[in-house]
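Chains as they are written, first to last, in the numbering used here: chain A, 5 to 248; chain B, 5 to 248; chain C, 5 to 248; chain D, 5 to 248.
None of these hints come from the bench; they were simulated from the model.
Accuracy of the hints is not assured; some may be wrong.
Remember, identical chains collapse to one label, so a pair may be satisfied in a single copy or spanning two.
Using 30 angstroms as the maximum straight-line C-alpha spacing, the simulated DSSO-like pairs for lysine-lysine come out as follows [stated by the list, open to error]:
(1) LYS137 to LYS247
(2) LYS8 to LYS101
(3) LYS80 to LYS127
(4) LYS247 to LYS101
(5) LYS204 to LYS101
(6) LYS204 to LYS80
(7) LYS8 to LYS204
(8) LYS127 to LYS247
(9) LYS135 to LYS80
(10) LYS247 to LYS80
(11) LYS127 to LYS204
(12) LYS80 to LYS8
(13) LYS214 to LYS247
(14) LYS101 to LYS214
Number of protein chains: 4
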Amino acid sequence: MASKALAVIVGVGPGTGASIARRFAQSYNVVVLARNPDNYSPVVQEITSNGGQAVGISTDVSNSNSVNAAFDQIEKQFPGSPLAAAIFNTGGGAVRKPFLELTEDDFSNALNSQAKGGFNFAKRALPLLLKAKDSSAHPPTLIFTGATASVRGSANFAAFAATKFALRALAQSLAREFGPQGIHVSHAIIDGVIDIPRTKAWVFEHEDAKLSPDAIADSYWHLHTQPRTTFAFELDLRPYVEKW
Amino acid sequence: MASKALAVIVGVGPGTGASIARRFAQSYNVVVLARNPDNYSPVVQEITSNGGQAVGISTDVSNSNSVNAAFDQIEKQFPGSPLAAAIFNTGGGAVRKPFLELTEDDFSNALNSQAKGGFNFAKRALPLLLKAKDSSAHPPTLIFTGATASVRGSANFAAFAATKFALRALAQSLAREFGPQGIHVSHAIIDGVIDIPRTKAWVFEHEDAKLSPDAIADSYWHLHTQPRTTFAFELDLRPYVEKW
Amino acid sequence: MASKALAVIVGVGPGTGASIARRFAQSYNVVVLARNPDNYSPVVQEITSNGGQAVGISTDVSNSNSVNAAFDQIEKQFPGSPLAAAIFNTGGGAVRKPFLELTEDDFSNALNSQAKGGFNFAKRALPLLLKAKDSSAHPPTLIFTGATASVRGSANFAAFAATKFALRALAQSLAREFGPQGIHVSHAIIDGVIDIPRTKAWVFEHEDAKLSPDAIADSYWHLHTQPRTTFAFELDLRPYVEKW
Amino acid sequence: MASKALAVIVGVGPGTGASIARRFAQSYNVVVLARNPDNYSPVVQEITSNGGQAVGISTDVSNSNSVNAAFDQIEKQFPGSPLAAAIFNTGGGAVRKPFLELTEDDFSNALNSQAKGGFNFAKRALPLLLKAKDSSAHPPTLIFTGATASVRGSANFAAFAATKFALRALAQSLAREFGPQGIHVSHAIIDGVIDIPRTKAWVFEHEDAKLSPDAIADSYWHLHTQPRTTFAFELDLRPYVEKW
């Protein structure tokens, strides 16, 4: 279990996270993190039963102790395995409320799940990515999943936009600091509804109006395979009929 | 003390905050908030001795209890006084460190001082601004002070950029929600070194290379006096020789 | 007629241009340029009959010969008069068509009226603004009027967005080159319908839903009076009920 | 020669254009356009001698007659061949001069080569892309090559930034109009020096400091293969050590 490279994905439910895990499992061992094992267990089983290697660890990304415990376990379970890719894909904090109804807890929880969560994750992932630089087929990669709210503070989205803007700032800052050290840091703006079990019932006027989680995963894999001469920092992804 | 309108400014030290207080004190009673009374006392005395009305309240903007206590005191001390302007100008969170040296406390403190502070302040200011709509000479105004880090995540500025991006998201979201209700929400990007006591010794190649706090205050006053037909949301201010 | 400073405004019809002319005529002699004398004559008469000094010159800003002739006449008519402000406010090129119906002439005319027009105007204005540096009460100022289309390429607006994006690029480039030489270059994004004779009949759901040309002029004057320590480059102006 | 799909690339010299042609020639017949046959002949020969199909047509993209003649020839030579991809990659207009030394011709040439050229190219490409919708393996794709100057008006780059901003506006407008019709319109911001014969002698402090044209081509191919559920509009590409 030692030498094959590793991808760690946080925020793995039945949607984008699972697609990313599947895609990266074609080349790497994968570790998937989520609060609730029910979220990651199906994809772990699926990858394993297809002959891949996947491990799930129950993790609360907004809590540094929990993130640290997860990474301690990863390092114990995959000693010497270089970290090729770390992907931050949590969905927390997406509260929508008129501002005067937004509670202090709503706002703090939003900040903690994305901005603080991204910080906790990057703190543990970056040293491993740096260590993997010479043994990785592609430049070690750290990708953050953004949203429309990463670049637009809409009415009733004060909390979500605040934490998504903050996460984008973190991604930019890390790209500028760790890019020159050979780490590929990227930020993907997912602008639209993703086609996942939770949104299955949402009907749109046009067909194909929801983002494909597999296609998002393909774009993340493309980012990962870019050589250091030609890093993309930011990518916006949306369905062809999306208004923007 | 009842009917004259009120301006509340948080983040008042000897620099921009004091200039804003002085400028708005030409027309309003002013309340200045800062953690340390040493920061606001000189400008309170100056305004008072010039015949104006100014009150300082020691406040920790990152703490909602402290902000609530301050606003409770304001409402008691100025009953019936419409809130014409609320200005969020705190300087906290400006830590500069390589990311791997940044502690969890650094990051949390940064998020708390600007993003959370802005939230706490807006939660109490907005109901008062809404109430003042019909009695105010100019549209009630909420201004947030931004920085270069509000729009650029530079290397070694992960924490400060995260919280400044978040504050800008908050400002945008509030502008879109409360603009149509007649409240003028603005965000000013201060891009450069401000000419304050702390930066007096900083020497630049060219003269006039530092932002004037009085000129910043004049721009804030201009924003405040715009009619609702013609609101500016964002303004970037920098010295003529600043690289950008 | 020699020593009083001068403001030159191009694109003067009965709307924003006239308001800017009126506002700057409170302090300066003004020269107003437009293709059709019918557009500028009323405001010239109004300023003159109020004791101000105003001159109109028929000019096609997309034609460098015409712009050169206008500036030659200005220099002859106001010898020694420092150029305090030059304002580019033309409205040309605002064609709205499905792309496949857009003709080559539509596209070229749009590029010529704004991008090329801005170039022609700046080429003649900047040497005069530089010469005025030491004799002007405020830093000599060059302001470009932008629109929603300056920052957003909407469907059916390919030509107008192309030329407005180009004009903004020109403004940014000039701000970075001439700012350090003491010239204040600004760009105002006018995002909404302006309340002018042509739009009088347009009815909106809310009152005050159109931008006030006088308020726009006040913001331009504010930009002009900023000291070089504290230049704003960009300002977005919109009615309080505008969606953005 | 009828049914295999087609890619048309304009701006093909020994750098990015040739790499794009090579990459798309793995799946399509390619037509390469450039002013000077010396620029496209080597890649045409290379592709042909490797068993691919490539045709070069001498074209001045700033001249609509020349673009029309090229497309007329394409339609004659490849009747019934669906246009899968059209790529606008011209390098013209990159003049760098202090503004007051910039001539009217410099500015007009810059506007013509990119903004006008992009217009001429899109006018002929879009009807063919629309027609190819049902016969193309991937959504028909129109990609524009941008540069740092597409999003930043630097000092001494007024002409190049104006035309690159305009081209980006065109791309945005077309993406919003033709995306819902199933055409994938993208804009790539190439931020840095590309590793081509002309820049071979440019030495940088770090190795791999220049963009790889082949890696750019891989990203363009990735854009092309995205399904319509998940279109990227914009991508920024730069070397890992690039300052931004």
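Each hint tested on the structure:
no. : hint             : in the structure
1   : LYS137 to LYS247 : between (40 angstroms within a copy, 21 angstroms between copies)
2   : LYS8 to LYS101   : neither (45 angstroms within a copy, 34 angstroms between copies)
3   : LYS80 to LYS127  : within (18 angstroms within a copy, 46 angstroms between copies)
4   : LYS247 to LYS101 : both (22 angstroms within a copy, 18 angstroms between copies)
5   : LYS204 to LYS101 : within (24 angstroms within a copy, 37 angstroms between copies)
6   : LYS204 to LYS80  : neither (39 angstroms within a copy, 46 angstroms between copies)
7   : LYS8 to LYS204   : neither (36 angstroms within a copy, 37 angstroms between copies)
8   : LYS127 to LYS247 : between (36 angstroms within a copy, 23 angstroms between copies)
9   : LYS135 to LYS80  : within (16 angstroms within a copy, 57 angstroms between copies)
10  : LYS247 to LYS80  : neither (47 angstroms within a copy, 37 angstroms between copies)
11  : LYS127 to LYS204 : neither (35 angstroms within a copy, 36 angstroms between copies)
12  : LYS80 to LYS8    : within (15 angstroms within a copy, 53 angstroms between copies)
13  : LYS214 to LYS247 : both (12 angstroms within a copy, 25 angstroms between copies)
14  : LYS101 to LYS214 : both (24 angstroms within a copy, 29 angstroms between copies)
Going through the hint list in order, the structure does not satisfy hints 2, 6, 7, 10, 11.
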